[in-house]
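Trainee: Position chain B relative to chain A; hints supplied.
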Amino acid sequence: MSTGSAAVSAGRAARAPRPRGMMARRAVARLTLPVLMLLPAMVIIVALVGYPLVRTVYLSFTDTDLGNLIYGGSDWVGLQNFKEVFTDEHLRASLVNTVLFGTACVIGTMVFGFAVALLLNERLKGNFVFSIAVLLPWAVPAIAAAAIWKWLFDPSYGFVNWALVHLGFDSFQDYAWFASRFSAYVAIFITVCWQSFPFIALSLLAGLQTLPKETLQAAAVDGANSWQRFRLVTLPLLRPIIAVLVVFSTIWDFKIFDQIYVMAAGVPDRGADTAAVAAYREGFALSHYGLGSAVAVVLFLILLAFSILYVRLIGKEGEL
Amino acid sequence: MTRWLRRRGWKYASMIVVAAFALFPIYYLVITSLKTREEIYSRTPDLWPNHPNWHEYSSVLGEGHVGRALVNSLIVASGTMVICLIVGALAAYALARWRFKITHLLLMAVLMTQMFPLVVLVIPLFVIMRKADLLGTYWSLIITYLAFSVPLAIWVMRSFILTIPEELEYAARIDGATRIGAMIRVVLPLAAPGLATVAVLAFLEGWKEFLLALTFLNDENKKTMPLVLQSFVGRGDVDWAKVMATSVLYTLPVAIVFVLARKHLMTARTGGAVKG
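Protein sequences, first through last, are from chains A and B.
Residue numbers for the first sequence follow the numbering used here, so the first one is 1 and each next one is one higher.
Residue numbers for the second sequence follow the numbering used here, so the first one is 1 and each next one is one higher.
In case anyone wonders, no lab produced these hints; they're calculated from the structure.
Idealized CB from N, CA, C, for every residue including glycine.
A few of these clues could be false.
[As the list claims (entries may be wrong)] Mimicking BS3-like on lysine-lysine, the simulated pairs with C-alpha atoms at most 27 angstroms apart in a straight line are: (1) A:213 <-> B:11; (2) A:83 <-> A:213; (3) B:11 <-> A:125; (4) B:11 <-> B:242; (5) B:242 <-> A:125; (6) A:213 <-> B:263.
[What the hints assert, rightly or not] Partial list, derived from the structure: chain A residues whose beta carbon lies under 7 angstroms from chain B: (7) 41; (8) 56; (9) 139; (10) 143; (11) 251.
[As the list claims (entries may be wrong)] Footprint (simulated), chain A over chain B, 3 or more residues, beta carbon under 8 angstroms: (12) 2-16; (13) 32-45; (14) 89-103; (15) 126-133; (16) 143-149; (17) 186-196; (18) 248-255.
In isolation and in its complexed conformation, chain B is listed as follows:
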C-alpha cells in the first residue's frame, strides 16, 4: 500500500488537483447562479447553494435583453454555419477535383484568418459595412464571420473530399447525374464528418465572436450574447447573480457541442498542422 502510494499516489493527487483547477470555476459559476442574493454577497462564500433556485434565470430571460440576445446569437451563428457550409463545400470540391495551383494561397488564407488579429481589419470592415448600409444588421456579422470561417472550412473539407475516389462520381454520372448532382448525392454524404466539423467550427465562430459584434451592433435588440454579457460585467456596480446566470445560458449550448465534437475540433484548430 505504501509502495503504491509512493509510486502512483502522487499522480492521482496531481490528477485531482488539475481536475479541480479545470472544473472549479465552472462549478462555482453554476452554484453562484443558483444562490440567493444574500448568499452571493456574503463574506464567507459557501460551496453549496443552501436555497437553490432558478429565480435568476427566469429574471434575466424575462426582463433583460438576454432572451433576445440568445435568439440573436442563434440567428448569427446558424446563418454563418449554413452559408459557410454551402460556400465552403463548393470551393473545396472545385479545389479537390480540378488541380488549381492555388493550394499554397489557400493555406495562406487559412493562416491569415486564423492568426492575424481582428483588430488589424476592424476599421476598414466597419467602413465597408457602413457604406453597404449593413451596420447593425445580422448580415454585417454573418458576412464577416464567413470571411474568417470559409478558408478553414475549405481546408478541412478539401482534405476529406480528396480521400473519396473520383470513380464513384463517374459511376453516378454514367447513370445520368450531373457533376453537381454527383457532388451532392455521392461526394458530400461521404464527406459528412468533414461537413460536421466545419458546421461546428463555423457555429462556434458566430457564437463566441466579440470584437466585431462590439463594433457593428449598437441596437439593444440586435446585440449578441457576448455583448450583453460584457455590458453586465462592464458596469461599475456589477450584479453578479445576473452575470452568472447569463454566463451559464451563454456557455451551456456550446459546451455540449464542444464535448461531443472534441476529436474533430482538435485537428481542425491547427488546420491539421499538428498531426495526432
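For reference, chain A alone in the conformation it holds in the complex:
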C-alpha cells in the first residue's frame, strides 16, 4: 500500500511541473474509448485484407508449392513468374479473354441498361410492375444464375436451341454452346448482362429523374427533336454518373469468377478461362501458388488503374 501511494505521489510530483505530459495523458484517456471502438474493425481489415494483399505480392516473386506455402521456405525467383504469365499460352490467353470479354460485358450492360432506364423514365402504365421485373435478375445469386442459363443453353433439352430451331435456324439443332470458346462466351455474356443490367438501369433512372425538366422543355421549344434532346442535353448532363457506372462495371466484369467457373468448366483446354479463374486454378488445382499469385497481381494492377480513375472521377465531382 505504502509503496503504491508513494508511487502515485511521486508520479504527481513528477507530473506537476510538466503540463505537457498531463495533456498527453488526458488525450490518451479521451481517446481510449473511440480507439477501442475502432479496434475490432481495424484488426479484421488489416489482418484479412491488408496483410493478404502484401503477402500475395510477395508470393508472386517466389516459387511456392503447398509445402512452402504452409511451412515457409519458398524460393525467390524475381520476375520469373511475371515473364511466364505473358509467355505461357494459356495464361496469356486468359488475360486477353478477361479484357475482351470484360469490355464486351461493360458495353452490353451499359447500352442495354441505358435503353431500359429511358423506358422506365417514360412512366408508362404498369411502370411499377415493370421496375420490379427489371430488378429481379439482380436478386438471383451468381451461381444460381449460371445454373439457370446453363440449363437454358443445354444442347439437347435447352429452351434456347429449341426456340432458335423453331425460328428457322436449323443449325442450332443440338448445338453445343459450351464446346467452343466463342459460343461459350456468348452464353456467359448473356448471363452476365442479364444479371448486371438492372443495377445500371436503375442507377441511370435515378440520374434521369434529377435532370432539370426546364432544360429539356427549353430544348423542345427551340425545336430539338427527341434524338437531339437526348444527345445534346440528356447525355452531357448524365456524364458524371455514366463515367462512374462504366468504371464500376469494368471492375465488376473484369473480376468475374463465379459464372465463368461454373459455365466455362466444360470448354475444351479450359480455353474460356478468365484471369481470375486461371489464377485460382494455377494456385489451388496445380499447386503453383507463386505463378497463381502473379496472375492475380497482374489482374489487380489492371483493376487498380481503373480504381484510380474512379477516385479521380468522383473527386472531380466533389462527391467525397
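Mentor: Frame of chain A; chain B shown alone:
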C-alpha cells in the same frame, strides 16, 4: 388509335420484351423445378408444367445435402450479419463522433474490398485459416466475410450517424446515461434504416459468396448452398430437376429480401458514389 400505336405502342412493346427477358429465365427455372422428369428431358419443352408436383423439392431436401446446406448458409450469413452490425456500428460511431482524420483511408478500404478480385487475397487467406486451424469451420467464412462487409457497413452507418444531432446524446448523458448507453439507446434507434441496409448487405454477402467457401470448406456437412449447387452443375451428367429445385430454394429467400430492400441496396452498392 393508330396514332397512339405509333407514338406509344412501340414503347409498350419494348417494355414487354425487356420484362420477358428479365423474367423468363426465372419463370422457366420455377416451372422446370415443378415438372416431371419425362417433361424435363423432352425435345419440345412445354412452357407449363402439365403435372406440377413438389416431388423434386422433397427429394433434394430429404436425401441430398441441400437441407444441410441451407442451414449452413443461414448460419454463415446470419453470423456475418450480426457480428458485422456490432463491429461496424462501434467503428462507425467512433468515426462519426471523434473526428479522426482517416475518412480517406476508410473510403480506400471500402473501395478495396468492394472492387478488388477476391482471387488476389485467397491464397494468403487460405494459409491464415489453416494456421489458425479454422479451415472447414463456419468461423473461417464468417471472419473473412466480415473483412469484406465491415468497411462498407462503416461507410453506410457513419453517414447515417452524422445526420443525428449530437445534442440528443448530451441530453441522454445529462440524464445519467454513459456514452455507450447513449449510443445504444439514442443514436442506433435513429440510425435504424442504416442498420437495416447493413444487415441486408452483410447477409447477402454471406449467402452468395462462392470462391472463399470453395477454398475453405471440404466437409460435405459444412458446405454452403452455392457450393452444393455448383457441385450439381459441375457433374458430367447433370440432373437438371435437382439443380432447378435447389436453385429455387437458394434464390427465393434472398429475392424476397432484395425486393423489399431495393431502395437501400441501390445507394449502398456504390458506396453512395452514385447519388440518386
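Trainee: Now tell me, hint by hint, if it's right for this structure.
Mentor: Checked hints:
{"no.": "1", "hint": "A:213 <-> B:11", "result": "holds, 21 angstroms"}
{"no.": "2", "hint": "A:83 <-> A:213", "result": "violated, 56 angstroms"}
{"no.": "3", "hint": "B:11 <-> A:125", "result": "holds, 11 angstroms"}
{"no.": "4", "hint": "B:11 <-> B:242", "result": "violated, 39 angstroms"}
{"no.": "5", "hint": "B:242 <-> A:125", "result": "violated, 38 angstroms"}
{"no.": "6", "hint": "A:213 <-> B:263", "result": "holds, 23 angstroms"}
{"no.": "7", "hint": "41", "result": "holds, 4 angstroms"}
{"no.": "8", "hint": "56", "result": "holds, 6 angstroms"}
{"no.": "9", "hint": "139", "result": "holds, 4 angstroms"}
{"no.": "10", "hint": "143", "result": "holds, 4 angstroms"}
{"no.": "11", "hint": "251", "result": "holds, 5 angstroms"}
{"no.": "12", "hint": "2-16", "result": "holds (count 5)"}
{"no.": "13", "hint": "32-45", "result": "holds (count 7)"}
{"no.": "14", "hint": "89-103", "result": "holds (count 8)"}
{"no.": "15", "hint": "126-133", "result": "holds (count 5)"}
{"no.": "16", "hint": "143-149", "result": "holds (count 5)"}
{"no.": "17", "hint": "186-196", "result": "violated (count 0)"}
{"no.": "18", "hint": "248-255", "result": "holds (count 4)"}
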